[in-house]
Structures are given as structure tokens and as C-alpha cells.
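Taken in order, these protein sequences are the chains called A and B. The first sequence begins at 4 in our numbering and counts up one residue at a time. The second sequence begins at 4 in our numbering and counts up one residue at a time.
Possibly wrong hints are sitting among the right ones.
Copies of one chain are not kept apart here, so a pair can be met inside one copy or by any two copies together.
[Said to hold, decoys possible] Under the rule of at most 20 Å between Cα atoms (straight-line distance), these lysine-lysine pairs were calculated in the PhoX-like manner:
hint	residue 1	residue 2
1	K41	K378
2	K237	K25
3	K106	K218
4	K38	K73
5	K73	K237
6	K73	K402
7	K331	K25
8	K188	K276
9	K330	K25
10	K330	K218
11	K331	K41
12	K276	K218
13	K402	K202
14	K239	K212
Hints in this document: simulated from the structure, not taken from any laboratory.
Number of protein chains: 2
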Amino acid sequence: MKTLIVVCDGMADRPLRGLGGKTPLEFAKTPNMDKFAKGGICGILDPIAPGIRAGSDTSHLAILGYDPIKVYTGRGPFEAAGVGLEVLPGDIAFRCNFGTVNKDNIVTDRRAGRITEGTKDLAKTINNIPIEGVNYLFKESAQHRAALVLRGEGLSFKVSDSDPHFAGKKVETIRPLDDSPEAAKTARILNKFIEDANKLLKNHKINAKRVDEDKPPANILLLRGAGIVPRLEKFKDKYGLSGACIASVGLVKGIGSLCGLEVLDVPVDIKIKDSCQKALNEINNYDFLLLNLKDADNAAHDHAAQRKVSVIEEIDEALSIFSEFIKKNYLVVLSDHTTSTEYGDHTGDSVPIMICGPEVRTDDVEDFGERTVAKGGLNRIRGQDIMNIMLNLTYQIEKFGA
Amino acid sequence: MKTLIVVCDGMADRPLRGLGGKTPLEFAKTPNMDKFAKGGICGILDPIAPGIRAGSDTSHLAILGYDPIKVYTGRGPFEAAGVGLEVLPGDIAFRCNFGTVNKDNIVTDRRAGRITEGTKDLAKTINNIPIEGVNYLFKESAQHRAALVLRGEGLSFKVSDSDPHFAGKKVETIRPLDDSPEAAKTARILNKFIEDANKLLKNHKINAKRVDEDKPPANILLLRGAGIVPRLEKFKDKYGLSGACIASVGLVKGIGSLCGLEVLDVPVDIKIKDSCQKALNEINNYDFLLLNLKDADNAAHDHAAQRKVSVIEEIDEALSIFSEFIKKNYLVVLSDHTTSTEYGDHTGDSVPIMICGPEVRTDDVEDFGERTVAKGGLNRIRGQDIMNIMLNLTYQIEKFGA
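Isolated chain A (complex conformation) (with noise of 0.2 Å):
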């Protein structure tokens, strides 16, 4: 018995005005959620905890059983193994804009003109920068993004950002947040590092045509999102499950990535539908998977409530091709966090859960919507017990006694 754990990201709402005081999931026509919801077993799930406000990666760690107040420091580690950068435990790691500043050093665009061409060689021009014997490791991402890894003895994760996260404003200097010296040479070097790379970005070829092309030119690293790399237990070795992991986006990838789940390749842009019919087919493969689809905390983030009520209905009509697969294993359908449409971010509300599959105590929850699953039979939970409740409904858990 297989296990494949579906997570809308960003799917759960608060009621919204425009929706007649509706959730978009409760909006939406969403006939075969409903179908497996009444054939399953539903609930009321906090990623982390009641109230508390989880990240995608939080959420992520705690549904894959592992404790993020624990284990998470910052996006930057799970930023950088998405990239495809080999990330060890103690590594510092940061999410990169490559961004453009002027002579004043004065940013003007941290996105340098969502850059699309030549950022591989640019990363291949900062790598080749030494101080203080830190080893970097840079990697370029989609567009603008990077991300950056320090690898050496005596650094630390609490440095402040050098992103001043809006344009117009000066690049800051990374401070040390705590008195250690640690902080301090991280900071130090950190600083360092960007003044150099400031110089030889600034002067590459690739940013000499930018300028001639009107365009802006990626001549300065904005770094954010610090964090040390948690040495976490192989999926394999915690569970003793083979498991694999399907996202369209980097952070994902990266939890997957670090959590030693297989990170299974797909455009950045895959269809909904397309996400779907490749786990229905890699799970032949695993014991376990995690499909992430990204679409409806986008369309939440960007106070889309319309758009997020389409995509959640295109998300239940790829779940179709499920009916078959619960009969003899089971599928896990959940919102690794509420997106407020009218907020425009992540809320601290709790989300829905359904578990489908043969041998679960179905409930009388007919429809799956944030309000009806809180009469579910799982009434509610935490991220971190799903793992254990899928184990078991599989018969992989050892028995804690006699």
C-alpha cells in the first residue's frame, strides 16, 4: 500500500465578501474532492500548531514528520538544495536576487529587470572568489534568483539581510545579530564577498551588453533568508519508506531535496493536470509521494479570488484520476497552510484534511471545504502526526509496546 499525499498549497481560505462569505474551496464546484471526502476521512489539521502562521517550508518539514521549530532556521538552506546545490548539515545558506544599483549604491531594481539570459555565467564569475578560506557555493535559479552556501568552520546563520527588500533604497551592510564571533566573521566575509562580486558583476560582458540594451544590468547580490542547513534524517531511514517528491517550485523541491526524499523532475510551468498523472505514475515506483501544486496560493498571494476558485476546480478535476488508485492505497488531500485571498499572505487558520483509501473509519463530511471537515471523524490534528497516521493505515508502524 502506497501512500500519496496531494497538498494544494495555499488552497484554505477565510470567508471571503466577494464570494457571498464563502472560502473559495467552499466556492468552488469541486465534485470529485467531494466524492473522495465522503468516501474518506476528514478534519481540521494545523500545520505547526493552533494559530501559528506556517511557511510553506514549515508546513512541508512538519507533513513530512519532521519538527520545524527544531529544524528551521530560514528559507535559505531549503532555497539553495532546491537550486541543485549539494547542501551538507552546518552549511549557511541564503536565497540571492541577482538586483541593479546604481554608482551610489542605491538599488533601483531588485530583480535586474527579471534577467532571463546569462545569469549561469554570471554565477560561474562569483564563485571564483576566496575570503578568509570559506568555500562559496553560488547557483543561479529561475530569473533573478540565486542562492548562495558558505561552507567552513566558525560561521553562523544569524547575519542580517543585505536585501533592502524594497527599490530605492541603499544595499544594506549585514550586521551580526547576536554578540558572537561567529556573527561577526560571517558578517564580515559576507560583506566582503558582495563588495567583490559587486566589482567583477559589474564589469562582466554579459552586463556590458545589458547596459548597451537599455536593460538593467545584474551587478549586485541581494541576499536574504538566512539559515543553517539541519542535518535531518534520510526519509529512508526514518520510515523506512523509498519516497519521492513532485514540485514545480524551488523551495519544495529544496524540503524534499533535504528531507532525502527523490526529487522528481518537471517543468517549472506543468500543467495541474500533468502534475497529477505523473504521481499517478511515479508512485508505481515508491512507496510513498508528495505532490506540491503551487497554483492556488499564487492566485491568493496576488488577491485573486476568482482565479483561486478556477484553479482549485482544475485541481479537483485532475484528482480524478485517483478513483482508482484508493481502492487498494490511500490519498491524502490537504492546504499546507491558509492563504488569505483577502490578505494577500499566508494566515494562521487551521486547513482541511481528507485521507481516502480502504481501510479508513469514513465520516459523514459529502463536501470538503475548511468548514465542513471539522465535524470529520479526524477532527483535528497537527502536520506532524500525519506521517504516523499513514504509516499506520499502511501497516509500516512498529507497535510502541507489547
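Take the given structure of chain A and dock chain B to it, following the hints.
Same frame as chain A, but now just chain B:
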């Protein structure tokens, strides 16, 4: 957006034979609570954890987001803070009664005839006893009640009561409750303090007058509820919110005070309606307000079921003034613990809670009662979840992750 928590002290109950198997809350006519429940989200709440018999002190600590298992050692510190003693972390504090002993040291009245006058003078006398370099702070409260604080090096709260808890028994010698030199020292100096106080009190002119008038003299201090004053992070620092507390009972005022809430002065016999009105007025000045309504608990301790029903109906009527408030703010109504009218004391049953305000995911509970709310959208939560849930609803919680 503001949060107002109305704690209906001891309102929850068990089904009572005298009320046809209903609880007082189920039996009472509560049209306002029912209306609020209909427009809000309900659930059952374990103040500490399922089955744990909470006191008002431990429950209020949990409701305010502090872990009573970590910070609570006894009632003394909160009583002392509640009577206005300026306690400091590490102080050892006790609840005290002025009582009456005969010449054989037998307690003939644990409350010195519920003495109402002169305790301030008596307290002044006692404040001048120096023993082994320890500082004493002693302050009278309402009637026969008082609080004692010890401040100094090498003290412990691991000591027994001097209060024999029943009239007709000898004053207890205070004993150390562990083998530490600190407990031994604390017991030794307290016994000396009580002996010295007894000498000063029995000769005091106020007591001479009481004896003349055939009233029991307040000639002995009965100590109980030893605890060490915890170092509590101030509410403002913990949550970034300005907060206040309205309570007529010293214990809850003490909790508020030690948590750094502004304790707003109200008469000890304030009417429920006036308490609610004051809360509605004062919430304008704060982000957060906790209002404690004591009367239902008192009725239950007195085994007075009909009186408890009347108190609940009075609370219900008073709550009607919050109808406008909840259009833009959040109102939480709950009981801090169950007080069984039949048993006459707290029990560890869960309590009902409802949250009303603009963006809650309403459920179909239309009747606020211990049993009906179990089907509500909050399902089952704990006291320590409340603050996170409210910070989330009012958009005042940081995102954990990205």
C-alpha cells in the same frame, strides 16, 4: 482589531440532577450568547490538558499563553501581586489569613471572625520583624486575608503550610518539604516569624479592643500556598500588544499584574453589567483586554444551582453590549474551568469557548453550551492555543517560515 476575552469564572458545569440533567449554562436562557455562538466559531477547551483540574490561576496563565507547568509553583505569588505587593522574580510568597488561636495554640477561628477593620494597623506591626537578614513584605487584603513575601538569599518555596485548614486544630509547625538547606532555613525563619508575629499581635491594641467587644482577636498568621515568583515575559514584550485586565478578585488581578497587564481598578462588589461596560469603555485604550466575571464560580462553590443559572443569565444580558464591538473586533467567551455545583469545587472537564468577530469560519452551533460546542468548528483546543489563535485572527502574528 482588538481582542476582548471574557472569562466567565467556573461557568461550565456537569449535568445536574436538580436541573433535569442539564448544566446551568444549558438550563439558563442565554439569547445573547446563543446569537454570538451562531455568528462565531465554537469549541471545547481544555484549560491545561484533558482531565487536568485547573485552578483559576493556572487556567488564566494558560489563557494568556504562559505555561503553568513551567511557571506555577503555588498560589502565593499571584495573591501577593494581587493585593498590590511589589513582588520580584525569586521572591517566596504565601497567602495568609489572620486567624484566632487560644493559649494552647489551637485555632478557634481560621478567619478571626471575618475581621473587617484594623488589619492595616496589624499588618504594619508585623512588617517590622527582622529574622536572619530576610526581608518581609506583608500586606492585608479584604477581610481576614493577607499576603506575605520573603525576599533574600537561600530561600525555598518547598515548605508546608502553617494553616491547619480546620478550626479546632493546632497551628502547624512549618516543615521543609525537601532536604535542601534552603527549605530548612525557610521553614525555620517562618516559624520564628509566626511566633514573633503572634506575640506582637496578641498584645496589639486592636486585638485588645476586639477581646473587649467579645470578638475573636486576629492573633495568628495562617500561611498557605507557598510559591516562588516566576520570571514571566511581559505581555507587551511577548506579543507586542498593550493589554489590560479587569477583575474583582485578587488572584486574577495578581496573574494580570505578574504578566504585565495593566490591572484596572474596580470595586470588589462590582456588578456584572458594570464590569462589561467598563471593559467596553477601556478596550479603546488597549489592544487586548481580559475581563474576569467571578460570580458563577462562587455560586457553584456554594452548591447553589439556581443562583448559578441566574448569574449566567445576568452575564448573558450584560454581554449584549458587545454586539457592535464584534463587527470589527474579536470577542472570546469562555469558562476558565468547570466548577461542579454538585461537588462544590473545580473539576477537570473541558469548558465551552466561542470566538466572535469579522473573519472567523463560522460553524452551525446556535446554542452556547458545554455539549453543543463540541460540534463546533474549533473542535478541541487548549488554553495555551488561545493567544496564538487571536494573534492570527487579528493579523498580529509573525510568519514562521516562508
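Hints and how they fare:
Proximity of K41 and K378 under a CA criterion of 20 Å is satisfied in both settings, with 12 Å inside one chain copy and 16 Å between copies. Taking CA atoms no more than 20 Å apart as the test, K237 paired with K25 passes in neither setting, with 40 Å inside one copy and 38 Å between copies. In this assembly of identical chains, K106 and K218 lie within 20 Å of each other by CA distance solely inside one copy; the values are 16 Å within and 89 Å between copies. Taking the shortest alpha-carbon separations for K38 and K73, neither the intra-copy value of 38 Å nor the inter-copy value of 43 Å comes in at or below 20 Å.
Taking the shortest Cα distances, K73 and K237 sit within 20 Å of each other inside one copy (16 Å), while across copies they are farther apart (25 Å). Proximity of K73 and K402 under a CA criterion of 20 Å is satisfied inter-copy only: 16 Å between copies versus 26 Å inside one chain copy. Proximity of K331 to K25 under the C-alpha cut-off of 20 Å is restricted to the inter-copy arrangement: shortest distance 19 Å between copies versus 34 Å within a copy. Neither within a single protomer nor between protomers do K188 and K276 lie at most 20 Å apart by alpha-carbon distance, with minima of 48 Å and 61 Å respectively.
In this assembly of identical chains, the alpha carbons of K330 and K25 lie at most 20 Å apart only when taken from different copies (18 Å versus 32 Å within one copy). For the homomeric pair K330 and K218, neither the shortest alpha-carbon distance inside one copy (55 Å) nor that between copies (50 Å) is at most 20 Å. Only within a single protomer do K331 and K41 lie at most 20 Å apart by alpha-carbon distance; the minimum there is 17 Å, versus 36 Å between protomers. When the C-alpha separation of K276 and K218 is checked against a cutoff of 20 Å, the pair qualifies neither within a copy, at 37 Å, nor between copies, at 68 Å.
Taking the closest pair of Cα atoms, K402 and K202 never come within 20 Å of each other, the shortest separation being 61 Å inside a single copy and 35 Å across copies. When the C-alpha separation of K239 and K212 is checked against a cutoff of 20 Å, the pair qualifies neither within a copy, at 48 Å, nor between copies, at 54 Å.
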